[in-house]
Amino acid sequence: MEGGKEVIVGKTKSRGACDLVMRLLALSLTLAAAIILGVDKQTKIVSLVVSPSLPPLDFPATAKWHYLSSFVFFVVSNAIACAYAALSLLISIANKGGNKGLGMFIVILDTLMVALLFSSIGAAGGIGLMGYQGNSHVQWKKVCNVFGKFCNQVAASLVLSLLGAIAFVLLVVVATFRLHKKK
Amino acid sequence: MATTDKPTDTEYGKEVPPPQQPPTSGGRALLQWRPAVLDLSNIDVVLRSLLFAASVVAIVVIVTSNQTELVPNPFTRRLEYRKAEFNHSPAFIYFVVAFSVAGLYSIITTLASISVILKPNYRLKFTLHFLFWDALILGVVASATGAAGAVAYVGLKGNNHVGWVKVCNRYDKYCRHLAGSLAVALFASIVVVLLIWLSSINLHRRIPK
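Line order of the protein sequences matches chains A and B.
Using UniProt numbering, you'd call the opening residue of the first sequence number 1 and step up by one each time.
Using UniProt numbering, you'd call the opening residue of the second sequence number 1 and step up by one each time.
Honestly, the hints are just simulated from the structure, not real lab data.
Incorrect hints may appear among the rest.
Claimed, not checked - Here are some chain A residues pointing at chain B (derived, C-beta under 10 Å):
#: 1; residue: P52
#: 2; residue: L129
#: 3; residue: V143
Said to hold, decoys possible - Below, simulated PhoX-like cross-link-like pairs (lysine-lysine); rule was C-alpha separation at most 25 Å, straight line:
#: 4; chain 1: A; residue 1: K64; chain 2: B; residue 2: K157
#: 5; chain 1: A; residue 1: K64; chain 2: B; residue 2: K166
#: 6; chain 1: B; residue 1: K166; chain 2: A; residue 2: K141
#: 7; chain 1: A; residue 1: K141; chain 2: A; residue 2: K44
#: 8; chain 1: A; residue 1: K142; chain 2: B; residue 2: K166
#: 9; chain 1: A; residue 1: K100; chain 2: A; residue 2: K41
#: 10; chain 1: A; residue 1: K100; chain 2: B; residue 2: K125
#: 11; chain 1: B; residue 1: K83; chain 2: A; residue 2: K142
#: 12; chain 1: B; residue 1: K83; chain 2: A; residue 2: K141
#: 13; chain 1: A; residue 1: K44; chain 2: A; residue 2: K100
#: 14; chain 1: B; residue 1: K125; chain 2: A; residue 2: K142
#: 15; chain 1: A; residue 1: K41; chain 2: B; residue 2: K173
#: 16; chain 1: B; residue 1: K125; chain 2: B; residue 2: K173
#: 17; chain 1: B; residue 1: K173; chain 2: B; residue 2: K83
#: 18; chain 1: A; residue 1: K141; chain 2: B; residue 2: K125
As the list claims (entries may be wrong) - Take a look, some chain A residues computed to stay more than 12 Å from chain B by CB distance:
#: 19; residue: I93
#: 20; residue: K100
#: 21; residue: M104
#: 22; residue: V107
#: 23; residue: T111
#: 24; residue: I127
#: 25; residue: V146
#: 26; residue: G148
#: 27; residue: L179
This structure is a prediction, so every number in the text was calculated from the model and none was measured.
Where a beta carbon is used, it is the ideal one built from N, C-alpha and C, also for glycine.
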């Protein structure tokens, strides 16, 4: 069974490379998402008409990412996922020998990252939708008609983070299939 | 249900089917692994039924959160009755839909998991498929919890930067229902995480050292 064993080793090697590429992808995507939302800020001159007889009142209005707590949660969890991806990348490069206990530990933490990233995407997406549409039932006004660039940046960050989260899901699935194939 | 008319399966938790499958390489690993502390498939069934119960409770609690209160109209300053319902916010609609999907999924997989206990030959294949779909459901459930939680938080605290007033001081019962539903949803997300851990530990333990 020498040939068969070699085939299996070759397969695990290619799967290991796939794992590394996916981890790198997750790292860069979550980093990009955190940075894009983290630098999000827009100041605009808003003119307010107090009464038709007076000239409109101009004042600057600023939208910053940390005004909304769900965006703070989003940035923090993306930063955590990014740091974890970097750490686990180093660990899985160092773990060439295939220590199964360590591999198991990484799968467990990957699953946690999936949960964290998806909940933060949900939170930021829910608030982003509220800002985009507003809510007439509770008189929450929409803000995206004023702060267009701010909202676009939030949307871009959400898409990147969603891709990063999908990369983490694939990491869990691929790693477990690899554990299964090693048998 | 086809599983109820079998005479032996009155209690799934206590039933340990004899290792009758042909001793392939998987069967050998299974034999080494069987006498260990607990049969993990039974925990799997219990967790899946818990997920079902949690999804049903979360949906029922959020759907019954209607509340009608006297609130001042912002334009005319007159008091009028206004209703608060879960379907006023897209995040809560998503929440209900996501947990309906999770509940349906948990029914199907509970039945599948029970049938795997009765017929352990297909256990490995089922565990792999469960793991993949569990990971997807985890994404759905966690994002629904996050979305509903974020909107409910704004409803609780308000946000003066964007001029979103809080509503929970008026609609107290509504917000209590939301909070209960969110707590159960968080529990459900934790259950899905545990399911994934269980599946991967299960697969991991089958590998001979």
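- Any hints from earlier that this structure breaks? Give me their numbers in increasing order, please. Numbers 1, 9, 13, 14, 15, 16, 18, 20, 21, 22, 23, 24, 25, 27, in rising order.
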